[in-house]
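Chains as they are written, first to last, in my numbering: chain V, 1 to 155; chain D, 1 to 177.
Be careful, since some hints might not be right.
Computed cross-link-like contacts, DSS-like style, restricted to lysine-lysine with a CA-CA straight-line distance of at most 25 Å [to be verified]:
#1 V:K155 <-> D:K47
#2 V:K63 <-> D:K5
#3 D:K177 <-> D:K47
#4 V:K84 <-> V:K15
#5 V:K63 <-> D:K130
To be clear, the hints were calculated from the coordinates, so they are not data collected in a lab.
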Amino acid sequence: MASILTAGTPAPDFKLPVTPDQRLALSELRGRPVILAFYPADWSPVCGDQMALYNEVLPEFSKFNAELLGISVDGVWCHEAFTKDRHLKFPLLADFEPKGAAAQSYGAYRKSEGVCERALFVIAKDGLITWSYISPIAVNPGADGILTALEALPK
Amino acid sequence: MSTLKIPVGQTDHIQGDESAAVTLVEYGDYECPHCARAYSIVKKVQKHFGKQLRFVFRNFPLTEMHPNAEFAAETTEFAGAHGKFWEMHDQLFENQNRLGGELYAELAHKLNLSSADLASALEKREFAAKVHDDFSGGVRSGVNGTPTFFINNQRHDAPFDYEDLLTAIDAAITSTK
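Sequences are here, hints too, so could you generate the full structure?
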């Protein structure tokens with residue numbers, strides 16, 4: 001198992017494409033809790049895949065004023081199509097070039113397959129990681145760990 | 001390993017006895033094809049285990065993906081308020097390709113329920129809170145898609161094919177001995 005960054009570590013900044021013509025930096029979200037969901041790839045063939053699940057759960061995350069970012073190595077056009085197809089209401093970031101660089105900075109890159117691990121991070125308003133979790137690549141980790149971590153954040 | 005956070009209780013829809021060795025809880029979505037497949041598998045599983053198994057169904061509609069899931073769930077809750085939950089639950093999975101107001105009215109009629117009352121209940125969203133409570137409880141419990149099964153409060157992470165459920169439930173029975 002890769003060793004992902006743990007609680008107490010400052011979350012490394014990154015700036016990644018969020019749409020074909022815009023980039024989003026993590027540091028722009030400083031001041032609110034952030035959930036990072038690294039995942040291997042768009043288009044896995046199940047309903048209720050991880051991103052679709054989080055899409056359903058978004059109102060629960062919003063109660064904490066938390067911003068959710070999905071990150072995979074897929075390119076922006078792939079993300080755009082996937083977002084449309086699944087009616088996703090949160091941003092997907094393209095960790096495309098250099099490939100997996102953001103994921104690597106979090107210890108969340110599977111070099112052998114060239115995809116991100118299924119890794120979750122909750123980052124507090126001050127930019128410190130307060131919780132992280134890596135799921136076996138084939139298991140959707142759900143949202144319970146994220147919600148517990150959000151509840152534990154200082155108000 | 002995720003565990004069920006909301007214990008099985010009074011407001012649940014339950015088949016089987018409290019004294020059963022194993023409780024199988026399913027979080028499902030009536031418009032999800034995987035749940036339709038699980039529906040007949042669960043029936044086989046129930047037949048196999050008889051009194052040893054208690055089955056509970058809770059709502060987990062994926063409303064962003066499945067436009068009919070929410071009202072299908074509310075329709076079963078309406079039926080449940082009139083003692084016909086399981087009949088409606090079964091009929092919806094049997095008729096998954098026809099989910100919609102017309103089907104609900106037809107099934108209400110078939111089950112001797114007032115389709116006018118049903119229509120009113122859906123319009124007033126009378127059962128939306130119950131469905132939402134199921135959903136929130138499911139999220140808290142680590143439901144990660146549909147169907148998600150919990151066997152004696154532990155999330156079942158293996159496939160839900162007949163053999164897989166049999167094995168898992170057998171293991172749960174053994175561990176209670």
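Each hint tested on the structure:
{"no.": "1", "hint": "V:K155 <-> D:K47", "result": "violated (50 Å)"}
{"no.": "2", "hint": "V:K63 <-> D:K5", "result": "holds (19 Å)"}
{"no.": "3", "hint": "D:K177 <-> D:K47", "result": "holds (21 Å)"}
{"no.": "4", "hint": "V:K84 <-> V:K15", "result": "holds (23 Å)"}
{"no.": "5", "hint": "V:K63 <-> D:K130", "result": "holds (20 Å)"}
Of the numbered hints stated above, the single one contradicted by the structure is hint 1.
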